[in-house]
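Asker: Letter by letter, the chains look like this.
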Amino acid sequence: QKEVEQDPGPLSVPEGAIVSLNCTYSNSAFQYFMWYRQYSRKGPELLMYTYSSGNKEDGRFTAQVDKSSKYISLFIRDSQPSDSATYLCAMSAGAAGNKLTFGGGTRVLVKP
Amino acid sequence: GAVVSQHPSWVICKSGTSVKIECRSLDFQATTMFWYRQFPKQSLMLMATSNEGSKATYEQGVEKDKFLINHASLTLSTLTVTSAHPEDSSFYICSAPDGTISGNTIYFGEGSWLTVV
Numbered sequence: 001q002k003e004v005e006q007d008p009g010p011l012s013v014p015e016g017a018i019v020s021l022n023c024t025y026s027n028s029a030f031q032y033f034m035w036y037r038q039y040s041r042k043g044p045e046l047l048m049y050t051y052s053s054g055n056k057e058d059g060r061f062t063a064q065v066d067k068s069s070k071y072i073s074l075f076i077r078d079s080q081p082s083d084s085a086t087y088l089c090a091m092s093a094g095a096a097g098n099k100l101t102f103g104g105g106t107r108v109l110v111k112p
Numbered sequence: 001g002a003v004v005s006q007h008p009s010w011v012i013c014k015s016g017t018s019v020k021i022e023c024r025s026l027d028f029q030a031t032t033m034f035w036y037r038q039f040p041k042q043s044l045m046l047m048a049t050s051n052e053g054s055k056a057t058y059e060q061g062v063e064k065d066k067f068l069i070n071h072a073s074l075t076l077s078t079l080t081v082t083s084a085h086p087e088d089s090s091f092y093i094c095s096a097p098d099g100t101i102s103g104n105t106i107y108f109g110e111g112s113w114l115t116v117v
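Heads up: the protein sequence lines correspond to chains A and B, in order.
Under our numbering, residue 112 is the last one in the first sequence; the count climbs by one each step, no gaps.
Under our numbering, residue 117 is the last one in the second sequence; the count climbs by one each step, no gaps.
Please note that the accuracy of each hint is not assured.
With a Cα cut of at most 20 Å, we get these calculated SDA-like pairs of lysine to any residue [claimed, not checked]:
1) 42/A to 41/B
2) 41/B to 46/A
3) 42/A to 7/B
4) 41/B to 61/A
5) 42/A to 58/B
6) 99/A to 53/B
7) 99/A to 85/B
8) 64/B to 51/B
9) 2/A to 64/B
10) 99/A to 11/B
Across the chosen pairs, the derived CB separations fall in these ranges [to be verified]:
11) 42/B to 109/A: 17 to 23 Å
12) 12/A to 83/B: 31 to 37 Å
13) 111/A to 74/B: 44 to 50 Å
14) 83/B to 59/A: 43 to 49 Å
15) 83/B to 7/A: 35 to 41 Å
16) 53/B to 109/A: 21 to 27 Å
17) 68/A to 83/B: 47 to 53 Å
18) 17/B to 66/A: 48 to 54 Å
19) 57/B to 3/A: 27 to 33 Å
20) 89/B to 5/A: 24 to 30 Å
21) 67/A to 3/B: 47 to 53 Å
Not close to chain B: a few residues of chain A, all C-beta gaps over 12 Å, as computed [said to hold, decoys possible]:
22) 6
23) 11
24) 18
25) 22
26) 59
27) 66
28) 67
29) 75
By construction, these hints were calculated from the structure, which means they are not laboratory data.
None of these values were measured; they are calculated from a predicted model.
Quick reminder that beta carbons are idealized off the backbone N, C-alpha and C, glycines included.
Let the hints inform the model, and build the full structure from the sequences given.
Answerer: Below is the structure:
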C-alpha cells in the first residue's frame with residue numbers, strides 16, 4: 001500500500017462546476033499538507049499549504065485536512081478550462097527541509 | 001513570490017555523455033534542495049536530497065555515482081547525469097523549501113526535459 005493514495009482520474013467536469021479532489025494517507029506523522037497544480041511538461045505550482053487539521057481558503061480554492069481520518073481535500077469553485085491540469089497532493093512530517101511524499105496525481109479536465 | 005529556476009529547460013544528448021542540470025533559488029537561500037524525476041503520467045519520485053556544504057542523501061535504488069549532486073552554495077544545486085543512457089530520459093525537477101515564508105513552503109522549478117539518443 002502506498003503511503004499516499006490519490007485517484008488518478010481523469011476527472012471531467014463542466015465549466016463552472018466544483019472540482020473535488022482528495023487524498024488519503026497512512027503515516028500519522030504527516031503534519032504539513034500541500035496541493036500542487038502541474039500543467040503538462042511543467043513543474044508543479046504550489047496552490048495551497050496547510051499545517052495540521054482544519055480548513056484554508058484562498059480565492060476559488062479551499063483545502064481541508066482531517067488528520068483523524070487521514071484525509072485531505074481540495075475544492076475548486078467556479079472551475080475554468082484553465083484549471084485543467086494534474087493536481088498533486090503532497091505531505092511531510094517535519095518542518096522545512098523535510099522531503100515531501102506525493103500522491104500519484106489526479107488529472108482534471110474542465111470542459112467549456 | 002519565491003522562485004526556483006532550472007536550466008536548461010530541455011536537453012538532448014548522445015548516449016554515453018554527461019549532462020548537468022542547474023537549480024537555483026532566486027529569492028531565498030536554500031540549505032536543502034530536492035531532486036525528483038517524473039516519467040510521463042506518473043507522479044514525482046524523489047531521487048536525492050541535496051545539502052549545502054555536505055554530501056547529498058540518495059533514495060534507495062538511486063545510483064549516486066550516476067546522478068552526481070553538488071550543492072556548492074545556498075542558492076545553487078546541480079544534478080549531473082553521467083554516462084547517460086536512453087532509459088535516463090525523463091523529466092527532472094528540483095525543489096527547495098523556503099523557511100522564511102509560511103514556515104514550510106516548498107517551491108518547484110520548471111523542470112528539465114532530458115532526452116538521451
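Asker: Compare the structure with each hint and give your call.
Answerer: Taking the hints in turn, this is what the structure says about them:
1. 42/A to 41/B: Given pair residue 42/A, residue 41/B holds - Cα atoms ~12 Å apart, limit 20 Å.
2. 41/B to 46/A: holds, 19 Å
3. 42/A to 7/B: holds, 13 Å
4. 41/B to 61/A: Violated. Residue 41/B to residue 61/A sits at ~24 Å, over the 20 Å cutoff.
5. 42/A to 58/B: violated, 24 Å
6. 99/A to 53/B: Satisfied, since the Cα-Cα distance of roughly 18 Å is no more than 20 Å.
7. 99/A to 85/B: violated, 27 Å
8. 64/B to 51/B: Holds, at roughly 14 Å.
9. 2/A to 64/B: violated, 25 Å
10. 99/A to 11/B: violated, 27 Å
11. 42/B to 109/A: 17 to 23 Å: holds, 18 Å
12. 12/A to 83/B: 31 to 37 Å: Given a distance of about 43 Å, which is not inside 31 to 37 Å, the answer is violated.
13. 111/A to 74/B: 44 to 50 Å: holds, 45 Å
14. 83/B to 59/A: 43 to 49 Å: Between residue 83/B and residue 59/A, where Cβ atoms are some 47 Å apart, the hint holds.
15. 83/B to 7/A: 35 to 41 Å: holds, 38 Å
16. 53/B to 109/A: 21 to 27 Å: violated, 45 Å
17. 68/A to 83/B: 47 to 53 Å: 49 Å Cβ-Cβ, so the 47 to 53 Å window holds.
18. 17/B to 66/A: 48 to 54 Å: holds, 49 Å
19. 57/B to 3/A: 27 to 33 Å: violated, 18 Å
20. 89/B to 5/A: 24 to 30 Å: holds, 28 Å
21. 67/A to 3/B: 47 to 53 Å: violated, 31 Å
22. 6: violated, 8 Å
23. 11: Holds: least Cβ distance 15 Å, greater than 12 Å.
24. 18: Given a closest Cβ separation of 24 Å, the condition holds.
25. 22: For residue 22/A, whose nearest Cβ neighbour in chain B is about 15 Å away, the distance exceeds 12 Å, so it holds.
26. 59: Holds, since 15 Å exceeds 12 Å.
27. 66: holds, 20 Å
28. 67: About 16 Å separates residue 67/A from the closest Cβ of chain B, which puts it past 12 Å; holds.
29. 75: holds, 20 Å
The structure fails to meet hints 4, 5, 7, 9, 10, 12, 16, 19, 21 and 22 from the earlier list, while all remaining hints are met.
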